[in-house]
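Go ahead and model the full structure; you've got the sequences and the hints to work with.
Residue numbers (the working numbering), protein chains in the order written: chain B, 36 to 694; chain S, 748 to 895.
Rather than coming from a laboratory, the hints here were simulated on the basis of the structure. None of the values given here were measured: they were computed from a predicted structure. A couple of the hints might just be wrong.
[As the list claims (entries may be wrong)] Not everything, but these chain S residues come out facing chain B in the computed CB check (under 10 Å):
#1 772
#2 774
#3 778
#4 793
#5 820
#6 823
The C-beta atom is built at its ideal place from N, Cα and C for all residues, glycine as well.
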Amino acid sequence: MIAEAGHFALILGLVIAFVQGTFPLFGASRNNYGLMALATSSAHAQFFAVSLSFLCLMYSFLISDFSVVNVALNSHTLKPLIYKITGVWGSHEGSMLLWVTILALFGIAVAIFGNNLPDTLKARVLAIQGLIGSAFIGFILLTSNPFNRLDPAPAQGNGLNPILQDPGLAFHPPFLYLGYVGFSVAFAFAVAALIEGRVDPPWARWVRPWTLAAWCSLTIGIALGSWWAYYELGWGGWWFWDPVENASFIPWLLGTALLHSAIVVEKRDALQSWTIFLAILTFSSALLGTFLVRSGILTSVHAFATDPERGIFILLLFVLITGGSLFLYAMRGPVLKGGGLFSPISREGALVLNNLLLTTSAAVVLLGTLYPLLLDAVGGGKVSVGPPFFNATFVPLMVPVLLCCTIAGMMTWKRADLHGVLQRLRVVALTAVIVTLVVTWLQGTKEILPAMALGVAAWLIIGSTVQIAERIGLFKISLMGSLKRASGMPRAAWGMAIAHGALGIFVIGVTASSAWKIEMIQLMKPGEIILVDDYKITFLGTANIKGPNYSGIQGQFEVNVGGDVITMLKPEKRRYQAERSETTEAAILTTLKGDLYGVLGEESGTGAWSTRFYFNPLVSWIWAGALLMAIGGLISLTDRRLRVGAPKLASKPISHAAK
Amino acid sequence: MGPKSRRLSFILMIMMLLGISVALVLAALKDNIVYFYSPTELLMKEPPMGQRLRVGGLVKQGSYLLENDGITSRFVITDKKSEVTATHKGVLPDLFREGQGVVGEGHFNKNKIFEAEKVLAKHDENYMPPEVAEALRKNGVWKGSKKP
Chain B
36 MIAEAGHFAL
46 ILGLVIAFVQ
56 GTFPLFGASR
66 NNYGLMALAT
76 SSAHAQFFAV
86 SLSFLCLMYS
96 FLISDFSVVN
106 VALNSHTLKP
116 LIYKITGVWG
126 SHEGSMLLWV
136 TILALFGIAV
146 AIFGNNLPDT
156 LKARVLAIQG
166 LIGSAFIGFI
176 LLTSNPFNRL
186 DPAPAQGNGL
196 NPILQDPGLA
206 FHPPFLYLGY
216 VGFSVAFAFA
226 VAALIEGRVD
236 PPWARWVRPW
246 TLAAWCSLTI
256 GIALGSWWAY
266 YELGWGGWWF
276 WDPVENASFI
286 PWLLGTALLH
296 SAIVVEKRDA
306 LQSWTIFLAI
316 LTFSSALLGT
326 FLVRSGILTS
336 VHAFATDPER
346 GIFILLLFVL
356 ITGGSLFLYA
366 MRGPVLKGGG
376 LFSPISREGA
386 LVLNNLLLTT
396 SAAVVLLGTL
406 YPLLLDAVGG
416 GKVSVGPPFF
426 NATFVPLMVP
436 VLLCCTIAGM
446 MTWKRADLHG
456 VLQRLRVVAL
466 TAVIVTLVVT
476 WLQGTKEILP
486 AMALGVAAWL
496 IIGSTVQIAE
506 RIGLFKISLM
516 GSLKRASGMP
526 RAAWGMAIAH
536 GALGIFVIGV
546 TASSAWKIEM
556 IQLMKPGEII
566 LVDDYKITFL
576 GTANIKGPNY
586 SGIQGQFEVN
596 VGGDVITMLK
606 PEKRRYQAER
616 SETTEAAILT
626 TLKGDLYGVL
636 GEESGTGAWS
646 TRFYFNPLVS
656 WIWAGALLMA
666 IGGLISLTDR
676 RLRVGAPKLA
686 SKPISHAAK
Chain S
748 MGPKSRRLSF
758 ILMIMMLLGI
768 SVALVLAALK
778 DNIVYFYSPT
788 ELLMKEPPMG
798 QRLRVGGLVK
808 QGSYLLENDG
818 ITSRFVITDK
828 KSEVTATHKG
838 VLPDLFREGQ
848 GVVGEGHFNK
858 NKIFEAEKVL
868 AKHDENYMPP
878 EVAEALRKNG
888 VWKGSKKP
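In structure tokens:
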């Protein structure tokens with residue numbers, strides 16, 4: 036009954052979304068206020084219908100209603116409550132329903148907070164969102180209905196893939212989708228502006244916070260995914276340049292570019308046409324990402340159960356939405372007039388460079404991801420493009436981006452004094468060089484690249500610190516005066532400095548964990564001792580364990596540093612009964628200096644176990660950096676200036692992203 | 748600087764950037780792509796020793812064994828026509844099973860044994876790597892799966 040209600044609510048949602056997508060568009064072109072007002076009310080109604088449908092599915096999972104196919108395939112009565120809830124989006128059907136629910140959430144958010152928008156713009160933005168919504172709800176109803184019934188209902192469900200039963204992954208999809216779908220707001224604004232033929236700073240004041248909110252969620256989502264891959268897959272790595280990972284990284288790169296170009300539109304009334312183009316590209320890449328993940332046309336370490344038929348449907352939607360908006364862009368783009376002039380050496384100029392480099396690197400990642408498909412399509416054989424390709428192309432493109440970060444933050448708008456800026460950065464540059472030299476001296480000349488990367492990180496971190504210090508006049512005026520200036524400094528400036536500094540922390544984590552990683556694979560008998568970095572590890576033996584829905588074997592390793600036992604590492608091999616599958620649970624000792632990472636392998640038959648230990652230096656700095664970047668974004672989101680244009684608008688996305 | 752020369756400098760910057768990235772991509776593609784072979788294809792065109800490549804197929808029933816050092820496993824990858832013996836030093840992925848699809852990445856040593864540095868088996872039991880599915884389909888072994 037509840038499932039039928041959910042199904043019905045979703046059909047209702049489709050009808051409402053279609054109304055939302057058509058009548059207001061018509062009304063806006065005829066200046067019919069009644070039809071335009073329909074956009075707001077239908078956005079409310081659509082959210083109500085779609086989220087009701089989502090809650091119905093969640094309810095079916097909570098009560099383990101196995102007469103619903105989706106529940107029977109992805110749940111089990113023994114599954115812990117939290118994973119019954121997160122199991123809702125553990126399957127393809129459920130995750131697509133989450134996708135449209137979040138879309139409807141953004142729709143209602145625009146409807147509520149957009150009271151100060153011009154009527155026609157608001158109607159058009161909501162209509163575009165309605166069209167996207169009806170396309171995707173239609174997709175769900177036609178190819179992936181989560182409410183299909185199963186008759187007779189099985190007594191027990193299949194359970195959820197055990198490696199998905201994990202807190203890191205449970206919240207990875209919602210954040211990722213908040214990011215992906217959040218870019219639909221920027222997209223809808225871009226398309227609406229094309230229809231209107233007008234982009235002005237208030238438009239950018241709207242687009243920027245939404246893009247920023249989406250970007251923060253996406254950053255957190257990707258970080259969660261990579262953290263999960265790190266501790267759950269048991270390979271000790273955190274990023275594999277895998278197609279599925281790239282699918283989320285490309286929208287992130289483009290979204291980052293969009294974020295920066297929207298600043299130029301807002302502050303300087305320039306780059307309008309480019310910003311619109313980027314908004315279209317960013318959302319399109321999010322759609323492409325959904326397609327790549329859901330169709331399974333690329334071999335991936337993270338492949339999910341997939342179905343080519345659905346992939347083609349999503350590809351069709353992608354072509355329709357991207358093709359349509361690009362066509363509109365080609366028709367209407369030239370109408371948009373560029374505004375403020377600026378010299379190449381200026382903050383605008385630096386942001387243009389940032390945009391060019393970010394979009395180029397996104398294109399390179401896209402090329403590397405799709406190259407196997409392209410080559411196969413022309414009969415060139417089956418290939419895979421792995422980390423070496425991306426390291427050789429992506430990294431060189433990123434170096435100038437990182438170097439520019441610090442310089443751009445100190446430049447003025449319109450025309451900047453590059454010489455003066457560099458002079459102010461003398462100390463920072465000197466520190467970066469010293470860091471490079473010291474690391475080279477400590478590690479030997481073979482490690483020159485990592486040493487230089489650490490120099491770049493110092494450049495970013497100290498550069499951001501100096502930026503803040505200069506603005507608040509630290510040590511130049513009294514301390515009280517500095518504090519007063521600090522509290523008066525725009526939040527956006529704080530956000531920028533924090534996010535750029537966080538990028539430096541991230542670079543340190545990436546560099547150290549890949550350059551100075553220690554990996555040891557060996558056979559150990561109980562009582563045997565190995566040395567990893569400063570840790571003395573003693574294998575005590577194994578024990579049988581039993582969890583709520585699994586049983587398994589736990590290895591017990593005593594970790595000793597300088598004669599003191601500091602902890603026990605207990606890696607596990609679990610066997611989930613319902614799902615009839617095994618997982619490896621790595622045991623990780625996290626310290627600021629690095630992670631000691633242990634995995635239990637197989638028993639060799641002679642009482643010895645194969646074991647694997649890694650020491651990953653500074654690896655947690657990677658996620659700390661990513662998190663801090665998102666925090667920088669959130670701080671920037673609370674900037675008063677962004678609220679003047681749109682009252683209270685910042686509070687909503689934040690409260691969602693923070694949960 | 749006038750608007751014309753400014754535009755010119757932007758265009759030059761874009762061209763330079765494109766040039767550099769195209770050069771980077773071409774250089775990287777030349778050295779860093781890894782070809783996929785099925786065991787039958789390997790018989791037909793023998794790749795040079797030491798070249799990095801991927802081999803995929805099914806793990807032959809009864810072929811898995813652990814070598815004396817206790818950490819190197821040895822198994823046979825088959826497409827039901829031809830076979831390749833592979834070794835892997837380390838811990839195999841959880842979903843590695845006899846009779847299931849597998850992709851190994853590594854190189855051939857002088858004894859014509861495929862030394863896989865990476866072994867990919869999937870998160871999902873119903874999933875078959877596309878390359879493996881196609882290689883098997885070519886030999887008429889596997890008919891493609893619809894979801895259960």
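**Report entry** Status of the residue 793(S) interface restraint (C-beta, 10 Å, chain B)
**Finding:** violated (15 Å)
Query raised in the report: Is the interface hint for residue 778(S) satisfied, with its Cβ closer than 10 Å to some Cβ of chain B?
Result: Since the shortest Cβ distance to chain B is 7 Å, the answer is holds.
Report task. Please verify that hint: residue 823(S), Cβ, nearest Cβ of chain B, below 10 Å or not. Result -> violated (18 Å)
Query raised in the report: Quick one, is the residue 772(S) hint okay against chain B at 10 Å, beta carbons?
Result: Constraint on residue 772(S) satisfied, holds at 6 Å.
**Report entry** Proposed interface contact between residue 774(S) and chain B, which counts if any beta carbon pair is under 10 Å
**Finding:** Check passed: Cβ of residue 774(S) comes within 7 Å of chain B, closer than 10 Å.
Query raised in the report: Does residue 820(S) pass the interface hint, meaning its C-beta sits closer than 10 Å to a C-beta of chain B?
Result: holds (8 Å)
This entry does not satisfy hints 4, 6, going by the numbered hints stated previously.
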